[in-house]
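Chemist: Here the protein sequences line up with chains L and X, keeping their order.
Per the working numbering, the first sequence starts with residue 1, numbered consecutively.
Per the working numbering, the second sequence starts with residue 1, numbered consecutively.
In short, the hints are calculated from the structure, not lab data.
No residue lacks a Cβ here, since even glycine has one placed at the ideal position from N, Cα and C.
Some hints could be false.
[To be verified] Partial selection, computed: residues in chain X whose CB lies under 7 Å from chain L: (1) L109; (2) I181; (3) F224; (4) V263; (5) F269; (6) I272.
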Amino acid sequence: MLKRPTLWIIVAVIAAFAIAPLLGGVGLRESLFLAAVYMVLALNLNLMIGYTGYVNFGSIVFFGLGGTIGLYTITVWHWPLWAGMLAAAVVVGGLSLVLGLGILRLRGAYFALATIGVVEATKAFVSNFDPFGGSTGMYLSFTSYKPLGGPREALWVIYFLVLFMLALSLLLGLWIKRSRFGLGLFAIREDEDAAVVLGVKAPLYKAIIYSTSSLLPAMTGVLFFFKNGVIQPDQAFDLTLSIEAIVMMMLGGQGTVLGAGLGAFAYEQFRGYLLTSSTFASFHLVIAGALLLLIVLFAPGGLMGWIHERLPRTRRVLE
Amino acid sequence: MLGVLVSVINGLLVGAIYGLAAIGLTLIFGVMNVINLAHGAMIALGMFALYFITTGIGLSPYLALPVVFAGGFIVGVVVFWVAVHRVIGRAELMSLLATFAVSMMVVGLGTAAWSTSPYNVQVHLPGLTLGRYTIPGNHIVAAVAAVAIAALLYGFLYYSRLGKAIRAVASNRQAAELMGIPSAKVLAIAFGIGIAIAAVAGALIATLFPFTILSGANYELKSFVVTVLGGLGNPAGALLGGLLLGLIEGSVTPFVSGSWTPVIEFTLFVLILIAFPRGLFRVGRGR
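Only chain X is shown next, with the shape it has when bound in the complex (with noise of 0.2 Å):
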């Protein structure tokens, strides 16, 4: 019994990092109605740029991660202005096609660069002792640190100015725009943030587990299933849509093997997409 509580507990642990991860990409499509298929890739380079700020500099794996927040906005801003600024408002077809086509050149060079050998990053920190188990430390500071993050970009998002000019040019552009908001720059700022968020999480996720370039692809599947789950555009619903994600598999775990969870999940995935396409939590104001 206590078994099951500590998987139901690492799974919320993780999955308040899933929801970190599906904030960055929910942001994105809330603000501009595009679904960022570099998503992953992005994931990817946060494990990676963690990687090389710990093993190159010495720095802490927890006080590196505003560098990669950093690294990941001019990123993010650089893919704005190059690939996602010409097709906002288009067809969703070209939206996705040109994330996609920016997440096939992150990956192909990542894979020439670092190949698909795993990596990882050391986290020496004391765990939390129940009986004969133990949660591990780096789970708890992640998962924390997850959910601080989420807390400052809604803070951010609901009292600050350009939170503000960034949720009036996802409610109408047209309108924000004759109220004097730059939109253009809003939107590249806001795309930022959203691939900011994604490299963090990223990060969070190199501190628990093992990583390739590769690794991406799965988290961004799981990013899917989170949005869906809380809703589509929906940054709060988000996290709990990830804290959901996390409770569903630390419940199934102990019970049926491994390699069913991904059927479960994904098959879940579909049938809410099709009964609650807006997500199962109504919650705060959505945007």
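Same shape as in the complex, but just chain L (with noise of 0.2 Å):
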């Protein structure tokens, strides 16, 4: 147990985040269900990232599209929340297996432009697209909210839905990393040539995984536009939060599951700081920006990166 504790620590964490706005109040739980929402990206964003090598640079698609699917079953069809989540998962799923055969085809530079390109595609499309509510979105009622019981109480409900679902991420995270398919795609990460030489599937192993990525994303997405109580394609693609995810995994550290999360808290409570103080609240993206350079040119590894270096023994306990 205490040889590889990473286990443990995700579970304290994760009773952490459950217990804390019990006692903090309203204030906190919205601070830290942002910060949740930030770490399923970030976390799923890893998969394909840290741990396979392809730069997903529209990772937000997933989010996006999730929340348009989930608000539409919702509100056309009045389905449950949960088969709204679960609708989104099973077509922004099946969508990406489809695509990601296609565009994973590309390495490198030519990858990363195609996730671009599938972002604004998206986003274009949903804008134009009427029973998606075109460019203006939709709208919830406040019935919507009856079924878990009034709009106060559905923050509750909603909050730790979201919880559960950073939790799944971190376990998802954890689990690959020490499967034999994680393997496969570490090996894909290092020279994708001699991984299919000796035998690893790359273009099934780097579909699914894509793929897989994006089902925690999508279904985070139907919770976060639930709760907002409203969509817009502008707001559901917005490829500079794509590029923020980027930033908190790198922050914390690519390929590791404790550096990704931690990465994504930490961004969250400093954009916050920058927007609520009064000195940096219009400069936060400059800030932002000249934190990202440092980072990409200083300590590309991230704070984990830091720390395995400094204490090579660390490797192994914190994944």
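Work from the hints to combine the two standalone chains into their complex.
Modeler: Structure below.
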């Protein structure tokens, strides 16, 4: 148990997230809610960039499309929330599996460009597609919150559902990292041609991980926009948030579960501080950009990479 | 019918400017394998540079272009030494993020200084009248300027000593270094030229349409589409790609609502990238 404490760290983190807002109140819950959403995005992106070495610049498309499909089923077909989440996961997971088989034939910069294209194409399509509300988006009516016990109670339910998504993301990341499948992904990251020669089914593995990394963000997207009460394409498919997710993952350390989670948490706190402070509010982009540049130039391994380098023995302990 | 023809001509004229903007992007990629995500921010800076030169000094917008070019070159060289120099040759993620960081800083400062409300540069030129339709004069001049600048760049790359050095470093940095070419300086110059071209393209766009500090992002995406049409790292292909994108936009506009154009563009972008990752045209000698 003490040799591989990552699982217990995860349990402790989830417990802390569950208990803190019960003590700290609604304000703390809102802050932790956003942190948990960011952590889900960064952790799942880590499966692609950190584990497989494919730079997905457009991971936000999973979140946005999931939210769009979920809210469509909830507002138009009056499905319950859980069914909307399931529908979002099935549709987004299926689409990304098919898409992944296509665009993952591209490598390096070409792949990164293609993922940007996917976000923009999807955003442009959703903005024009009238059933999804076009560019004005979709609005929830208050009655949608009734099955959860009214708007006030719904916020708590949604918080714990997002927390559940966070727990799943952490466990999924850890499980893949320790599995044979994960080993195949690492082999692809280090040298794809060599991995193929050694019998790793690279195209299939890549498509599976691309699709897997879409499921939890899609469901979290439904929760996020369900809580929001409204979804608009410009907001749902925001390329900046997609890149911010990369920053979070880099900040904590790509390729590590705890690092990606910690990075997202720290970034959310930092961003919240910048946005609310009177001196930095209008310069938060500038400061975030400078921070990103410093990480890229001087600490590409992020916080975990730095710790691993200083204390090599932590490499096996903090996964 | 004439309406469609005018729309196609207009599309081609704007397409030439898309092509010029994309040349800035593709030159940098071709020479140092860096996708410059600060491209849009630099286009936006070019727009604002033109605005302040024309309103501040009262210079004609077209005479201001060399000033914008020189300014863009200096900014580009500074950005290279600060952000790009250290990430060349490392994983793609690093150069993508380093240039994106620059973009965040520029857009952040620009938003703080100039807000996000639209600006425009007044240009009065007689247009070309075809029946009921008019092709605006500023579109024609801007397109001609774009093609002329592209031609100048082509001549520079193929016939000047420095241009040849840039191509040598692009094709094999180590071998170029062994031949006595200071490759880091050459890369800095190439990056500066790439940014300068983006800024000039931005200035030309500013003579056609109103703009904000955020407009650059849209033209950056168009530049990606154009580069992919023309083949990444291929300047001559980029100009043709720009014309092709303009042709698509011009011929689609009369028939479907304008908001569908990006759907077509980006779907085409992804499909072409999957099917022809080296671009549609393999013109020139590439790199």
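Chemist: Taking the hints in turn, state whether each one holds.
Modeler: Against the structure, the hints come out as follows:
1. L109: 6 Å, holds
2. I181: Where the cut-off is 7 Å and the nearest Cβ of chain L is about 24 Å from X/I181, the hint is violated.
3. F224: 6 Å, holds
4. V263: 4 Å, holds
5. F269: 4 Å, holds
6. I272: Result: violated, 9 Å to nearest chain L Cβ.
The structure is inconsistent with the numbered hints 2 and 6, although it conforms to all the rest.
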